[in-house]
Amino acid sequence: MKQENIRNFCIIAHIDHGKSTLADRILERTGAIDKRELKDQMLDSMDLERERGITIKLNAVQLSYQKGQEEYQLNLIDTPGHVDFSYEVSRSLAACEGALLVVDAAQGIEAQTLANLYLALDNHLTIIPVINKIDLPSADPEKVTKELENIGFSREEIVRTSAKTGEGIDELLEKIIEVIPHPTGDKKKPLKALIFDSLFDSYRGVITSICIKEGEVKVGDIIRMMETGATYEVVGLSINNPKEQEVKSLIAGEVGYLYASIKSITDVHVGDTITLEDHPAEERLPGYKPMKPTVYCGLYPIESNKFEDLREALNKLKLNDAALTFEPETSKALGFGFRCGFLGLLHMEIVEERIEREFGIDLIATSPSVVYEVELNDHTKVIVDNPSKMPKREAINKTYEPYVNCSIFSPSEYIGPLMELCQDKRGTFLNMDYIDTERVTIHYELPLSEIVYDFFDRLKSCTKGYASFDYEVIGYKPSDLVKMDILLNGEIVDALSVIVHKDFAYQRGRIVVEKLREIIPRQLFEVPIQAAIGMHVIARETVKALRKDVLAKCYGGDVTRKKKLLEKQKEGKKRMKQIGSVEVPQEAFLSILSTKES
Amino acid sequence: MIKHCYIHIPFCKTICSYCDFCKQFYDSQKVKEYLKNLREEIERDYQGEEMDTIYIGGGTPTCLSLEELKELMDILSLIHKSHNTEITIEGNVETISKEKLVLFKQYGINRISLGIESINENHLRFLERNHTKEQIQKTIQMIRKEGFHNLNLDLIYAIPGETIEEVQEDLDFLLSLQPEHISTYSLMIEDHTKLKIQGVKPIAEETDEEMYSLITSYLKEKGYIHYEISNFSKKGYESKHNIGYWKNEEYYGFGCGASSYKDSIRKTNTRSLTNYPKGNLLEREEVTESDKIEYEILLNLRLLEGISLSDFEEKYQMPLKDLYNYQQLVEQGLLIEEENHLRVPEEKIYVSNEIIVKLLQSKKEI
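So the protein sequences, as listed, match chains S and H. Reading the first sequence from the start, the letters are residues 1 to 598 in our numbering. Reading the second sequence from the start, the letters are residues 1 to 366 in our numbering.
I should point out that these hints are in silico values taken from the structure, not numbers from a laboratory. Just to be clear, a hint being listed does not mean it is correct.
[Claimed, not checked] Subject to a maximum C-alpha distance of 27 angstroms in a straight line, what follows is the list of computed DSSO-like cross-link-like pairs (lysine-lysine): (1) Lys316(S) to Lys263(S); (2) Lys263(S) to Lys164(S); (3) Lys262(H) to Lys548(S); (4) Lys564(S) to Lys364(H); (5) Lys262(H) to Lys562(S); (6) Lys321(H) to Lys568(S); (7) Lys81(H) to Lys568(S); (8) Lys321(H) to Lys574(S).
[To be verified] Here are some chain S residues pointing at chain H (derived, C-beta under 8 angstroms): (9) Glu4; (10) Lys389; (11) Pro391; (12) Lys392; (13) Leu524; (14) Pro528; (15) Val550; (16) Tyr555; (17) Thr560; (18) Lys562; (19) Leu566; (20) Arg575.
Each residue gets a CB set at the ideal place from its N, CA and C atoms; glycine is no exception.
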């Protein structure tokens, strides 16, 4: 395929604005799949993705499109929509020359629409704004057009589509060919292929998704990873259209998959450049800004003999999720587990759910924590990503916590409740922009830890679900932080300790002990629950002792039933963690997140 | 060797709001048919062993007519018994007559169990029971006069709205009747009962337990032995039949909805009167050796005396302590091991499920 006829593009959108459906329609329209084969949302291959309606892993599809006499190759690179995955978005953007910015015709521009747009502009991509879902009764394409004009697009650039009915798809494909520049790399130059994703396959080893920027790669070539120096022989090359199809070579401008008997995903660094061993390029392509986990939590198997299984599960997930970090840790209360780092809360939830669902390991997740910085009296700095690492109060000179710039998009009628929420969350108001008379962006500076604690739920409930938000970490600021411990039956449960702002400690302590009292079932003895800062108890509740757990009658006909009942009770206990002499259900470890007064 | 036999009579003149037993309204045609089928089942399955105990339960066996009861007694004679076989019949105050008692006596019935449940008018109405103090007293006089010396009375407590004082009143009345045996049941709101359908909620567990404490201490004070979670008796009047269940012994179960345990199989007949003649089962469980041990433990621990460790070892060829690591529970005071028995302390018997589960969980890996 000559380079002039190749277009590499991705689709970016706010969650639920119809990105995946639009991709399906493009696939169908270009004949890659026919209607009968079309499972809803072809590109989302993981069950979890389809259920949650979000795209987690990247996927690249090669499509062919006939325009007049010319045949074009369109490479559609799918991107995740959620803010947690902005790192992955930027990776896929680096493989493209253009992006479709999809906006829901009824919802209009949302927080992630803008966040993704800015990312795409940073990557110098050509943007085609697409107003999708114009078939909806509530669609108002005219209003959305005005919104797009407000952020700098011209009316002529905008395409209106309905991925559902297929309206506008032809026009969109024409526009892609017309405005998105073709790749320009020289295929004669030494090979430079950008690894923008990798996937582990149990038969072929690591499969890398690559975009050839310069040169050509063929089956049988000896390649070298420019960052690690490792060399491999190319066993296979393929494209996805959207069934996998073997090819002999890939040339500059093309996107495809490469596998080379690479045994471990750790041998492949996403962002690295592949070149040829005997004819190497001089320098690497610019990589990606290193991503850092922003949220940490401890993951522990409920059954302590599942520790090795959990390690294996994390290793397997890590194969396809470079952003996930983990290292073993020990908790007095929970035994052996892992401290895991995530890009954000959604990322954390997805990993937990996949471990439970795909690997069948029941987990206890400790409350998520952000990464704090502590300056000691001797001016040394300590990084605290786990409350248990918090130094003693006497040794601390100053504490710092990460702050974010948060943009909230909302109908203007909710400004009041939103400002109240942000105030509650220790926010500092920055400014407010009106997109039009009814829609507003509010900018706040907020501690990241406050976003981790139920910010999203409260945002949704105080705006009836109409607001969306996005954030960007801006750095550390001094903050008066203390470690709050929770004691069950007089003993500190390390897994329940949290770092909180001093002014909020009393309130949090009270809410948490109340919540725990509701969650912890009655036991054979009374269980006091306390929240304490150092030696100072700030809140206390008691789980009353069990008074009755017996079957009144048990005669000939009740015997089997009684046994079944006790077996059920026994099963229930398996889902609990024994901490000292107290049996604690899984959900107790998340109770610490709860901020609602009960 | 199987030594116990249960016979179910699923008919009642009125249906109580809390009852989840197999029962239906009395209908003479159905009773006639039923007795015919019951006879067939016994003729088919009973293998001629001599029974130590026979228990005719319901429903309300005494609600059958004199003629029908004669037929039932005739069926009863199919079963071998000795001169000291304990033979119990259940009934209620409203349906017992002198003639019926004479018949029972004639056929060797020597124990009568009456559902008194309460004497408080409000609570009786709630339970949909229909008798008065005077009726109870008169019936019991009649029972005594006809020469029955082993009488059980049932009491229900923890009825929504009930007070401790009302439980005390019920107990005092019960004691004035001088029964040899008393069973007291905390009201359970079972599925498919009227109470459940009406959405009745149980009373607070604190109150329930307080009532239970009152009952156990008061009855003990009045000379009754507390021998099982819900059962009290004068010395020597423990229910032999029920102790058979709690000692995990085998038993026949004849009749609609009746359960049996024989040759390592626990089964329950269908509750449907139409399907009963076909021999349909509601449930069938093959009991493995390890199940047997679990049953042994959970049933034995209902008895205040607990598990006899020597009997256990003889029965299963293995000491209990080799199978379960219960030492820690003993140290925590949740179990007591003394005089060759392992038992739940009386003050913890009301939370015994929790303790039994912990014991079962302590099973050693073998």
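Now the hints, each set against the structure:
A hinted pair counts as satisfied when its Cα atoms are at most 27 angstroms apart, and lysine 316(S) with lysine 263(S) qualifies at roughly 12 angstroms. At most 27 angstroms may separate the alpha-carbon atoms for a hinted pair to count; lysine 263(S) and lysine 164(S) exceed this at roughly 42 angstroms. A distance of roughly 32 angstroms separates the Cα atoms of lysine 262(H) and lysine 548(S); the hinted pair therefore is violated under the 27 angstroms criterion. Simply put, lysine 564(S) and lysine 364(H) have alpha-carbon atoms about 21 angstroms apart, close enough for the 27 angstroms limit, and the pair holds.
For the suggested pair lysine 262(H) and lysine 562(S), the alpha carbons sit about 18 angstroms apart, so the restraint of at most 27 angstroms is met. Restraint check for lysine 321(H) and lysine 568(S): satisfied, since their Cα atoms lie roughly 24 angstroms apart, inside the 27 angstroms limit. Among the hinted pairs, lysine 81(H) with lysine 568(S) is inconsistent with the structure: their alpha-carbon atoms are about 40 angstroms apart, more than 27 angstroms. A hinted pair counts as satisfied when its Cα atoms are at most 27 angstroms apart, and lysine 321(H) with lysine 574(S) qualifies at roughly 23 angstroms.
Look at glutamate 4(S): its Cβ only gets to about 71 angstroms from chain H, farther than 8 angstroms, so that hint breaks. Violation of the interface hint for lysine 389(S) is found here, the shortest Cβ-Cβ separation to chain H being roughly 34 angstroms, above the 8 angstroms cut-off. Against a cut-off of 8 angstroms between C-beta atoms, the interface hint on proline 391(S) is violated, since the closest Cβ of chain H lies about 37 angstroms away. Restraint check, lysine 392(S) versus chain H: the minimum CB separation of about 35 angstroms is more than 8 angstroms; hint violated.
Of the supplied interface hints, the one on leucine 524(S) holds, with its beta-carbon coming within about 6 angstroms of a beta-carbon of chain H, less than 8 angstroms. The interface hint given for proline 528(S) is broken, as the beta carbon of that residue sits about 18 angstroms from the closest beta carbon of chain H, more than 8 angstroms. Interface hint at valine 550(S): satisfied, since its Cβ lies 5 angstroms from the closest Cβ of chain H, which is below the 8 angstroms cut-off. Below 8 angstroms, beta-carbon pairs count as interface contacts, and tyrosine 555(S) has one with chain H at about 6 angstroms; its hint therefore holds.
Hint status for threonine 560(S) relative to chain H: holds, with the closest Cβ pair at about 6 angstroms, below 8 angstroms. About 6 angstroms separates the beta-carbon of lysine 562(S) from the nearest beta-carbon of chain H, less than 8 angstroms, and the hint is met. Annotation: interface hint on leucine 566(S) holds; nearest CB of chain H at approximately 6 angstroms, less than 8 angstroms. Checking arginine 575(S) against chain H: minimum C-beta separation of about 13 angstroms lies over 8 angstroms; hint violated.
Going through the hint list in order, the structure does not satisfy hints 2, 3, 7, 9, 10, 11, 12, 14 and 20.
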